[in-house]
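Protein chains in written order, with my numbering: chain A, 16 to 554; chain B, 1202 to 1505; chain C, 136 to 441.
Among the clues, some could well be false.
[What the hints assert, rightly or not] In silico BS3-like pairs for lysine-lysine, Cα to Cα no more than 30 Å straight-line:
{"no.": "1", "chain 1": "A", "residue 1": "K223", "chain 2": "A", "residue 2": "K302"}
{"no.": "2", "chain 1": "A", "residue 1": "K223", "chain 2": "A", "residue 2": "K144"}
{"no.": "3", "chain 1": "A", "residue 1": "K371", "chain 2": "C", "residue 2": "K214"}
{"no.": "4", "chain 1": "B", "residue 1": "K1292", "chain 2": "A", "residue 2": "K199"}
{"no.": "5", "chain 1": "B", "residue 1": "K1229", "chain 2": "C", "residue 2": "K386"}
{"no.": "6", "chain 1": "A", "residue 1": "K199", "chain 2": "B", "residue 2": "K1322"}
{"no.": "7", "chain 1": "A", "residue 1": "K223", "chain 2": "B", "residue 2": "K1268"}
{"no.": "8", "chain 1": "C", "residue 1": "K386", "chain 2": "A", "residue 2": "K395"}
{"no.": "9", "chain 1": "C", "residue 1": "K214", "chain 2": "A", "residue 2": "K421"}
{"no.": "10", "chain 1": "A", "residue 1": "K369", "chain 2": "C", "residue 2": "K214"}
Note that these hints are calculated values from the structure, not bench results. Fair warning: this is a prediction, and the values are worked out from it, not measured in the lab.
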Amino acid sequence: MKRTVFVLAVIALVGLVPAFGAPTSQKIVFADVVEPISLDPHIGNDNTTTTAITLVNDGLLENFGGKFVPGLAESYTVSPDGTVYTFKLRDAKWSDGVPVTAQQFVDTYVRMLTRQDAMDLAYLIYPIKNALSLKQNKVDASKLGVRAINPRTLEITLEGPYPFMKALFASSPLYPIRVDLAQKYGKDYGNAPDKLVSCGPYVLTDWKHGDRLEFEKNPTYWNAAAVKTQNVEMLYISDANTLKNMYETGDIDFCVLPPDIIPAMEKDEGFHYYNSGAVTFLCFSNKGTSADRGKIIQNRNFINALSRAVDREDFVKALFPSNLPFTGVVNPSISDEMGGKWSDHYDVTNKYHKVKANLAEAQAFMSQACKELGYASADKMPVLEMITTEGELNRTVCEYFQSIWKQAFGLQIDIKPLAYAQFWDNFYGAPYDLARSGWGPDYDDPFTYLDMWDSRGGWNKTGWIGESYYKLITEANKQSNMKKRNDMFYQAEAILLQEAPIIPVMARRGAYMLNDKKIEGVYFNMFAPNLDFRFAKLK
Amino acid sequence: MAKFVLKRLLGSAVMLFLLITISFFMIKLIPGSPFTSEKMQAGSKQAIYAYYGLDKPVYEQYFLYLKNLLRGDLGVSYKIRSVTVNEVIAKSFPYSLDLGLKAIIVAIVGGLALGIISAYKRGKAIDAFTMILATIGVAVPSFVVGFFIQYLFAVKLRWLPVAQYTSFAHTILPTFALSLSMLATIAKYSRASMIEVIYSDFVKTADAKGLSKMRIIMRHQLRNALLPIVTLLGPMIAMVITGTFVVENVFAIPGLGRYYVTSITNLDYTMIMGLTIFFALFLVIMNLLVDVVYILIDPRIKLS
Amino acid sequence: MRQLEGELDFTLVGAREGEASQILRPHLSYFQDARTRFKANKVAMASLFVLLAFALMTIAGPLLVPYNYQDGDLLQANKGPDLQHWFGTDELGRDLWARIWIGGRVSMAIGVLAAVLQGVVGIIMGSVSGFVGGKTDLVIMKVVDFLMAFPYLVWVTLLMLVTGSGLVPMILALTLTGWLTMARIVRGQILTLKNEDYVVAAQSLGALSRRIILKHMIPNTMGVIIVTMTFAIPAAIFSEAFLSFIGIGMKAPMTSWGLLVSMGMKQLYNYPLRLLIPCICISLTMLSLQIIGDGLRDALDPKLRR
């Protein structure tokens, strides 16, 4: 009896494990702290999801090291007014042998606009003619500005000469899918190797959900000659410390670092900063959690007072040594569509909001505000509520502002950290006073920072309606002269900084680990996928 | 015996049903939802809610959930659109089970062994080692232990792999981290009861009669020592379940514990429900098994 | 045998008056006896001192420095321990000495309050159940069985998700889920005592149930109650730390040892003290409570009375 127990125990101790995996061989191993949401390009475009999608899929254009090069389209022409793109597709095939055709693109975009369950990304193709109308069911699918002239020629008509469309065509949400398979597998599409076909450099060979994805080189990829590594693994490592440890022991070859572990890895070999293009700002709601609070946060002098009391340089130095102070709306490193960066010609630093704090000016603004609102001083004002997403860093950020404003004015703020999902619920629905928020660019063009404040749709939930603002940006988008367009954008930015209820705080940088001595051919992008390793090779 | 088991199963079914009902309504009370995100467009929320049936009145959702439950369908994860709750459980449970089983075995065998040996070699080095280990296991919070041993043994000393669960070597650190606090408790208690026995009369008598000490201990005391451990088995299983939440996270093991924590952070209703039900079901079955084993071991217990 | 030959010389002494009923040592009540035995347990006494030291520090510690746990001076951020900031500062320039001891207040308060409330609820439910018996007993025990059947932290997690985080919700959640052990133990004791002669006697003399419970049963159960409550404190502290660690416990601006450990883990490489100090605090507190609990159990064990 005892011996049986003993034997059973030994078996259990050694037992089930061999079923779990084989030893690793020469291959690229990438890890991230979240899993891809799906391999269906229309469901998510966060960095992890996009990284996985770009391995198995390809677009009309490709973003290769910052340049937009031909992908599935071997060439394209643009009409003189910049609104019609004609793509000539190359002779490419899906991994099941079916050729890539123009009609597939048409079907894909129609699906994107008409599907019921995951419409988060449909807005990205609103620049296409009638896309918004199709989404709102005002027209039928045949009116969409995407036409298959013949199986290898695709014509896309835009609402205006948006120059950032090139960037969009190279981004994963605009990748084509096989709608016939998507309809066959429904919501399972893209979740397993047998429910997906690939037209990209790799095929999915296994997806152990909650653990890893495994890829193998796709022999039918049109550019298979450029793919140097046979196997790729994407691991899901939820703990930032563990990620760090695995990089140090060489278990993973490179990774994008979650923000809270950046200071710990700064001195490690292979550490690189990058400009993520993301910005952090505080915004005020129009309504407020009560009528009197609403009046306070709408007061321009109040907003200016709060902004002037913050020393953005100190803030960044203390809390986010990897970030940069920011006083504008458009991130300086975004493309200006004229071959350079926004900051080459436009700089709004210190024009309306200042990098350094000025207590005297701040207090002057505040006393003016108090006079206008009818309070003897700021500490007599009702306690305002500041919402933020959870997390140590976010909490610390709010506490910083809380203490600065308390010390400067006696103003009292209550911090309310909310779970991620709950925060956005509140932000869109419930009244709030202040919110700590941010924005990441969707594509490499200044408009991505400006269209979100358009009160007619989309993201702007502050309640601020800037008529002159959105008239200006709509005009700007009709311009085919980029300089004129940028000038108008710059004016629009100024309007925002002077009238809209926002306080810019900082421009975010991220970091990634990449040991150049061990691996080559990994490119960094400001946009997802941050790390492009499709053609990488271990040394 | 059969009647006992049947009665227990029936009772457990009732309790499970109560649990499902209570959790379902409690989860509905949680503020926020799993669908909101930065780039949500107006109108998207309603459409998604309609698609998943979340706009129906609560009691209607409840009955729908029960209906699906009876078919064995736990629903789809709202956050990870790519997989159903059943699939998640089916794929992740073996990892947690393997880890948990190993941890319990190590805790029992290791705890007993250390306890007995240190009682025997009281005051020597092994005794000190056991006491230190027991102290650490009892006092240091379990979520810190895993972190430290990972850093020490995997990163600094490079003796063992950092994370994941793909070979036997990979299982060593997580098993140890998970089992430590239980091992400590068992070691302490078995050491204490062993000391009592070693210096007790009947052992002295047997010793005087010429029987070897080890044999005496093994034959007489081991059986008695095992009994309290079997009673501890129920709570130990519960402890292991909650222990996996942290250990799986630190060692990147794709088990249920890690899913549970992420589904809470994501407010993934169906996942939270599904996992809660699964844990509960598992624990109920385990408790029943433990009670059956207890009865089998100790003939004195009546089936009242 | 050989040695005694010839030396065997017993003479009859007789009985000495009065000595028969002399009391050889003073009569000790149950609790006095327990206290003596506890005091003799050196390790337990040492733990008691450690615990009291920590408790004292959580009360007095923050008062010793002019900083408070919330306000930070960014110019002083990330300093190591020095004469001004005995434990250094954190990334916001907040004094860590103050934060550790305020965090200690929260952790210990939760520990003690939760344990006491769990105890009170448990005692009430257990004694009612045990004393009244019948249907009431059945119902209460069914509820206990139900709650015990499922992992404790799962219940607490669900509750905290609904109520949100903070001191009061946490104590509430811990109380609602933690009274079961105490209830079972008290009920067990009451059932045993119910049949004791003196209880039956009191009942036949017409004493009210409540009086019997309060004056006879509970004092006799005191020992077990005290020990159970003592062990409940570190369990509650651990639960708070665990919940804060996985993110549903205490939130800003409040801090607790659990939260400080979770924050410290991310900064171990650059600022190891931020993890080590709260970790040591929790560990020593929990350890001393365990040892004291063990000591109390031994001291109050009637079988060991001399």
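Do the hints match the structure? See the list:
1. A threshold of 30 Å between alpha carbons decides the hint, and for A/K223 with A/K302 the separation of about 46 Å lies outside it, so the pair is violated.
2. Restraint check for A/K223 and A/K144: not satisfied, since their Cα atoms lie roughly 40 Å apart, outside the 30 Å limit.
3. The hinted pair formed by A/K371 and C/K214 meets the criterion: a straight-line CA distance of about 23 Å does not exceed 30 Å.
4. With a C-alpha separation of about 24 Å, the suggested pair B/K1292 and A/K199 falls inside the 30 Å cut-off, and the hint holds.
5. Between B/K1229 and C/K386 the alpha-carbon distance is near 23 Å, which keeps this suggested pair within the 30 Å criterion.
6. For the suggested pair A/K199 and B/K1322, the alpha carbons sit about 69 Å apart, so the restraint of at most 30 Å is broken.
7. Using a Cα cut-off of 30 Å, the hinted pair A/K223 and B/K1268 holds, with the two alpha carbons roughly 29 Å apart.
8. Of the pairs offered as hints, the one joining C/K386 and A/K395 holds, with about 26 Å between alpha carbons and a cut-off of 30 Å not exceeded.
9. As the CA atoms of C/K214 and A/K421 are separated by approximately 23 Å, the hinted pair is consistent with the 30 Å bound.
10. Taken as a hint, the A/K369 and C/K214 pair is honoured in the structure, with Cα atoms around 28 Å apart against an allowance of 30 Å.
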